[in-house]
Amino acid sequence: MSYLPMLSEFSVEGPIVVADFGKFMGIPIRLTESITVQWLIILIFGVLFFVLGRNLEVKPTTRRQVIAEMIVGTLNGMVNDTMGPKYFRYQPYIGALLMFSLGLSISVYLGMLPPTADISVIATWGVLTFMLTNYNRFKSGGLLRGAKSFAKPIFLLPSNLISEISNPMSQTFRHYGNILAGLIIGGLIFWALQMAIKIPILIPVPLSLYFDLFQGFLQAYVFATLTMVYISMADTSPEAEEA
Amino acid sequence: MTNIGFVLGMEALGAGLALLAGIGPGAGEGYIGGKAVEAIARQPEASGAITRTMLLGDVIAETSTVYAFVFALLCMFAHPFANFLADANL
Chain A
4 MSYLPMLSEF SVEGPIVVAD FGKFMGIPIR LTESITVQWL IILIFGVLFF
54 VLGRNLEVKP TTRRQVIAEM IVGTLNGMVN DTMGPKYFRY QPYIGALLMF
104 SLGLSISVYL GMLPPTADIS VIATWGVLTF MLTNYNRFKS GGLLRGAKSF
154 AKPIFLLPSN LISEISNPMS QTFRHYGNIL AGLIIGGLIF WALQMAIKIP
204 ILIPVPLSLY FDLFQGFLQA YVFATLTMVY ISMADTSPEA EEA
Chain B
113 MTNIGFVLGM EALGAGLALL AGIGPGAGEG YIGGKAVEAI ARQPEASGAI
163 TRTMLLGDVI AETSTVYAFV FALLCMFAHP FANFLADANL
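Residue numbers (the numbering used here), protein chains in the order written: chain A, 4 to 246; chain B, 113 to 202.
Hints are computed from structural coordinates only; laboratory data are not their basis.
A quick note: this is a predicted structure, and the numbers were derived from the prediction, not measured.
Treat each hint with caution, since some may be false.
Chain B is faced by these chain A residues, among others (derived, beta-carbon under 8 Å) [as the list claims (entries may be wrong)]: (1) 15; (2) 184; (3) 188.
Chain B regions said to be covered by chain A (calculated; three or more residues, Cβ under 8 Å) [as the list claims (entries may be wrong)]: (4) 167 to 176; (5) 179 to 187.
For each label pair, taking beta carbons as the anchor points, the in silico distance ranges come out as [as the list claims (entries may be wrong)]: (6) 216/A with 188/B: 23 to 33 Å; (7) 129/B with 50/A: 14 to 24 Å; (8) 195/B with 63/A: 52 to 62 Å; (9) 63/A with 165/B: 29 to 39 Å; (10) 188/B with 243/A: 37 to 47 Å; (11) 172/A with 192/B: 13 to 23 Å; (12) 55/A with 135/B: 42 to 52 Å; (13) 232/A with 131/B: 41 to 51 Å; (14) 89/A with 149/B: 30 to 40 Å; (15) 149/B with 31/A: 43 to 53 Å; (16) 195/B with 206/A: 27 to 37 Å.
C-beta atoms are modelled at their ideal positions from N, C-alpha and C, and glycine is treated no differently.
Chain B on its own, in the form it takes in the complex:
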């Protein structure tokens, strides 16, 4: 196995592992959604404000997933480690 092949494979593996960060926000957003349903059931007249707040909370909870996604994109398409290897002529 060549060095560059190993690094490329490891980058792909890293991208896949980074997307494990989707687990936490997924559970968190489900919790937010469930709580919003409870709140709307208790107070249907406030559903507009509850939905707005819920979406805001969802998007903020999503931030860590998006960080992981940006990192995975870097690994998949920008190849930082493979470029480092090529620059260092290893």
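With the rest of the complex left out, here is chain A:
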């Protein structure tokens, strides 16, 4: 009895390549499923939030405005609690990151591969966080204080540099790995049920609720929170270092 043909029916593949534009300076340029789904979510969110934010009044009279105020108020509170009023100007970036990550994870319910299960998408956000962190490090305290903050105390300089590189890596792997793990576990159970009783119903539902919905929420929240913590911890201005 051979298990091999049965096992090979379950495979893990990356996002579909929609269009291939050949190579540019040795780097393959491809339009993948991740990019198209991201643009779809951007369109949906654009229309949704445009409709939510129209005709605002001082005293909310419509349900639409109450929902809009709830979303903005929650995000404002989150950024204010974690970063303080000094960095409140990062609220649009953090809010967009959180909502976008959430939307991408939930797009699995539209029957598509969620772009958050693609390492390229999350790695982009990780690099963005890394750049913002170091921008804030050199902006808030100047070039010299920023460079000095890596060597504090001096014998920890190599490990500080390594941890600076590993921050975006760990953020990336955490988010992408969790979503991908959910997809693979869900797929395996679906496949096993299909093999065993031919009708894969009921059991995948709570699993999907946990892995896709709850983990999607949680990873978006954690990614945004860690971004806020990294940015506000990189403050090298004199008054922040005394405190």
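With chain A fixed as given, assemble chain B onto it according to the hints.
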């Protein structure tokens, strides 16, 4: 046993061993959960903030498991060592 069969089997073994990394975070997350229950029992009015902090700690403790999971996935589906063997024509 062929060389490629040996390497494929070893990759599967490595993937399984990598997932042993789940032990530590599992124990750690249990500890975090227990401590959160204690904290909520002592101060029920702060349960929202405690739950948020607990989830954050859980997810950060989970990171090493996810590293191991990504490595296991590489071993299972990307076959780095088997590809190396095929490239080297051994």
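Results for each hint:
no.	hint	verdict
1	15	5 Å, holds
2	184	6 Å, holds
3	188	10 Å, violated
4	167 to 176	holds (count 6)
5	179 to 187	holds (count 4)
6	216/A with 188/B: 23 to 33 Å	26 Å, holds
7	129/B with 50/A: 14 to 24 Å	49 Å, violated
8	195/B with 63/A: 52 to 62 Å	59 Å, holds
9	63/A with 165/B: 29 to 39 Å	32 Å, holds
10	188/B with 243/A: 37 to 47 Å	46 Å, holds
11	172/A with 192/B: 13 to 23 Å	18 Å, holds
12	55/A with 135/B: 42 to 52 Å	46 Å, holds
13	232/A with 131/B: 41 to 51 Å	29 Å, violated
14	89/A with 149/B: 30 to 40 Å	35 Å, holds
15	149/B with 31/A: 43 to 53 Å	51 Å, holds
16	195/B with 206/A: 27 to 37 Å	36 Å, holds
Hint compliance for this structure: hints 3, 7, 13 are broken, all remaining hints hold.
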